[in-house]
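Colleague: Given the sequences, and given the hints that come with them, work out the whole structure.
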Amino acid sequence: ETGVTQSPTHLIKTRGQQVTLRCSSQSGHNTVSWYQQALGQGPQFIFQYYREEENGRGNFPPRFSGLQFPNYSSELNVNALELDDSALYLCASSHSGIETQYFGPGTRLLVL
Amino acid sequence: QQQVKQSPQSLIVQKGGIPIINCAYENTAFDYFPWYQQFPGKGPALLIAIRPDVSEKKEGRFTISFNKSAKQFSLHIMDSQPGDSATYFCAASGVGTSGSRLTFGEGTQLTVNP
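Chains A and U, in that order, give the protein sequences.
For the first sequence, the numbering used here gives the first residue as 98, with consecutive numbering after it.
For the second sequence, the numbering used here gives the first residue as 35, with consecutive numbering after it.
One thing to keep in mind: the hints can contain errors.
[Unchecked claim] So the derived list for chain A, only partly shown, Cβ under 10 Å to chain U, looks like this: (1) Q103; (2) G139; (3) F166; (4) S191.
[To be verified] Cβ pair distances, simulated, as ranges: (5) U:D65 x A:R112: 36 to 42 Å; (6) U:N101 x A:Q114: 44 to 50 Å; (7) U:Q106 x A:N168: 38 to 44 Å; (8) U:P86 x A:L207: 37 to 43 Å; (9) A:P105 x U:K91: 35 to 41 Å; (10) U:K91 x A:K110: 38 to 44 Å; (11) A:N168 x U:E60: 26 to 32 Å; (12) A:P105 x U:S103: 29 to 35 Å; (13) U:P86 x A:H192: 18 to 24 Å; (14) A:L180 x U:S41: 28 to 34 Å; (15) U:M112 x A:G153: 32 to 38 Å.
In case anyone wonders, no lab produced these hints; they're calculated from the structure.
From the three backbone atoms N, C-alpha and C, an ideal C-beta is built for every residue, glycine too.
Modeller: Structural data, given as structure tokens:
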């Protein structure tokens, strides 16, 4: 059984650019959630995807968007990057109807 | 509005001690309360979780105590070891909280001295 994987591990962008982060869910899981973790803080929920549709969204602007593919993998896209977007972006997978979420190692994004 | 409050922010204990981390929640719709352990540069790893129909759950050296009336829960680490040094997060989720999102506390940085 493979765990949650994310790519890339690190990324440096400049303000105003766009970024795409990728996540492969754990085997057998059909739900993917994305979280943003600023330095020294707890993860904040961005949104969740189930059956290729957004299934709940946190307090993040529309420039944060996502996709889920038929194989349950997912992408997080952030447009018009701001300095405050610098954070660890975490993907978590779960099975619908089961609350337990398993996290990947994260992508560290630095916006200069 | 932070719905899960965690304390203390940091904690230092000696090897063999029993660190206790506390969390309080506001949303009565929460019905699932996990604890995660996070090492620097890594993603959170699930340690143990509890539902409000039980007051205590043990898994190995980790115990969750739950007080539904007070809307509080805590993590106890028995016989703590230097390898337990990490940041610990409590979290909560529940029906009607938008796609079973996890709401996290701010974290507790635990240091276990040899």
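Colleague: So, for every hint listed, does it hold in this structure?
Modeller: Taking the hints in turn, this is what the structure says about them:
1. Taking 10 Å as the C-beta cut-off, the interface hint given for Q103 (chain A) holds, the closest approach to chain U being about 8 Å.
2. Taking 10 Å as the C-beta contact cut-off toward chain U, the hint placing G139 (chain A) at the interface holds, the least distance being around 3 Å.
3. Below 10 Å, beta-carbon pairs count as interface contacts, and F166 (chain A) has none with chain U, the closest being about 18 Å; its hint is therefore violated.
4. With its C-beta approaching chain U no nearer than about 7 Å, S191 (chain A) sits inside the 10 Å limit, and its interface hint holds.
5. In this structure the supplied range 36 to 42 Å holds for D65 (chain U) paired with R112 (chain A), their Cβ-Cβ distance being about 41 Å.
6. One distance hint, 44 to 50 Å for the beta-carbon pair N101 (chain U) and Q114 (chain A), holds here, with the actual separation near 47 Å.
7. Distance hint check: the CB atoms of Q106 (chain U) and N168 (chain A) are about 41 Å apart, consistent with the given range 38 to 44 Å.
8. Separation of P86 (chain U) from L207 (chain A) is about 40 Å and conforms to the stated range, judged on CB atoms against 37 to 43 Å.
9. Checked against the given bound of 35 to 41 Å, the beta carbons of P105 (chain A) and K91 (chain U), roughly 37 Å apart, stay inside it.
10. Checking the proposed 38 to 44 Å range against K91 (chain U) and K110 (chain A) shows it holds: the Cβ atoms sit about 42 Å from each other.
11. A C-beta distance of roughly 38 Å is found between N168 (chain A) and E60 (chain U), which places it outside the suggested range of 26 to 32 Å.
12. Against the hinted window of 29 to 35 Å, the Cβ-Cβ separation of P105 (chain A) and S103 (chain U) comes to about 47 Å, which falls outside the hint.
13. The hinted window of 18 to 24 Å between P86 (chain U) and H192 (chain A) holds, with their beta carbons roughly 22 Å apart.
14. Restraint check, L180 (chain A) to S41 (chain U): a C-beta distance of roughly 30 Å satisfies the suggested window 28 to 34 Å.
15. Range check, M112 (chain U) to G153 (chain A): about 36 Å between beta-carbon atoms, so the 32 to 38 Å window is met.
When held up to the earlier numbered hints, the structure conflicts with 3, 11, 12 and fits the remainder.
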